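Protein sequence lines correspond, in order, to chains A and B.
Under my numbering, the first residue of the first sequence carries the number 33, and numbering increases by one thereafter.
Under my numbering, the first residue of the second sequence carries the number 33, and numbering increases by one thereafter.
Hints in this document: simulated from the structure, not taken from any laboratory.
Misleading hints may appear alongside valid ones.
Since the list gives no way to pick one copy over another, a pair counts as held whenever it fits inside one copy or between any two copies.
[Claimed, not checked] Pairs of lysine-lysine, DSS-like flavour, derived with a Cα cap of 27 Å:
| hint | residue 1 | residue 2 |
| --- | --- | --- |
| 1 | 123 | 247 |
| 2 | 253 | 63 |
| 3 | 49 | 253 |
| 4 | 123 | 253 |
Treat the numbers as computed from the prediction; the structure is a model and nothing was measured.
2 protein chains.
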Amino acid sequence: MVSKNQIKLITSLQQKKYRIAHQLFFAEGVKGVQELIDSNFELVHLYTTLNDFENVSPAIRTMVQDQDLKKISALATPNSCLAVFKMPIEKEIKTSGLILALDAIRDPGNLGTILRLCDWFGIQQVLCSKETVDLYNPKVVQATMGSISRVNVNYVDLNLFLSQTQLPVYGTFMNGENIYQSSLPSQGIIVMGNEANGISQEIESKITSRLTIPKFGAVQKAESLNVATATAIVLSEFCRG
Amino acid sequence: MVSKNQIKLITSLQQKKYRIAHQLFFAEGVKGVQELIDSNFELVHLYTTLNDFENVSPAIRTMVQDQDLKKISALATPNSCLAVFKMPIEKEIKTSGLILALDAIRDPGNLGTILRLCDWFGIQQVLCSKETVDLYNPKVVQATMGSISRVNVNYVDLNLFLSQTQLPVYGTFMNGENIYQSSLPSQGIIVMGNEANGISQEIESKITSRLTIPKFGAVQKAESLNVATATAIVLSEFCRG
């Protein structure tokens, strides 16, 4: 059973203002939930239709029916379990290695997919502009597939941060140096821009190295790449050595 | 105004069986619609809240209000116009150059994003297994951002096709040759697998070259990449030369 108050609390966590007010967020699905339980995140309560999760104390574990899960889930097709976690305290920014900076990424699926990529490529620090979608949006959490627990994400005044850094700042544009022929460092900041508008003018003025992903083929009509796939190509080039 | 019969027809096109029955599909949004109008696709009717599209005959162009568009749209937030097109006749499979084969890609956003990538990298032929999501699903059409008109897509018995081809067949796995150190041809078939299960056993037996995208960093906990981002990295490696 899930009480009316629990339903009200959990569904409210779909909205950022309530996540901030309660300092809570939730994750869904066995794989993602298990990864967060195994991480440093603090589990508040687990609701599950399954008989596993035996490592979770019964005091904070409730067996529920499918119809109960449906009442608290953000998914059209709920996925066996939902877990509420405390929002961790924001850690200090790591300024070594490669840093990925996101300038107003709006789509939660894109942010989640990009964090999963960072986890794969060993990028430990992501900086989000204040206009970027919230990290604890349920769709972001879902799309990270557990990577949210392994990548350090900070929301910053990106323009100010880039004004003060000594690190080289890379960005991709339609015109720039061919990324496949560029010498790319193991330390620096890579900026990826908004889905519709790319990198904003303000941020563009802080870019020290303009890169381009060249198009191939005879026709070349595609105008742009999805930001997550562009990030995949850029990170692959920086990391492949 | 949009008549009740038009609303019924267009909303029915959200389902594959009705798309096949009517041999029609629809696209939404100015950019995507304009690209399809400018392509070889045959426009049946355009519904728009805007005063442009003057190149479209008034006989097949209806000005509508936002509330009418909402009744026919598949989007939560309709995007100024919706256009119904004839489903084109499937073209012959092109067996030159690089071919991308999709083994049961289920998510419409992933298929659309992958077609946009193919357009960027000049991949002219995509083969979808019969289990792959339908090309004319409105979410696929949307995510291609117009690339649907420039990439040739055929649905085939993928296992049979791969059994009969003389071309090398590449696939990515957790174990395989490091893709960054492999010599990759300009002719061949690249197989990408299902979101949850990867390449199926049946298809795996047809792979002639196993590749892997290596992980980086100290922790290496990420288990997998999203299929669209993995496709981005693989196509980038095949094309970068």
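Hints, verified against the model:
In this assembly of identical chains, residue 123 and residue 247 lie within 27 Å of each other by CA distance solely across copies; the values are 24 Å between and 39 Å within a copy. Taking the shortest alpha-carbon separations for residue 253 and residue 63, only the inter-copy value of 13 Å comes in at or below 27 Å, while the best intra-copy value is 39 Å. Taking identical chains as interchangeable, the C-alpha atoms of residue 49 and residue 253 are never at most 27 Å apart, the minima being 42 Å within one chain and 31 Å between chains. Proximity of residue 123 and residue 253 under a CA criterion of 27 Å is satisfied inter-copy only: 20 Å between copies versus 43 Å inside one chain copy.
Hint compliance for this structure: hint 3 alone is broken.
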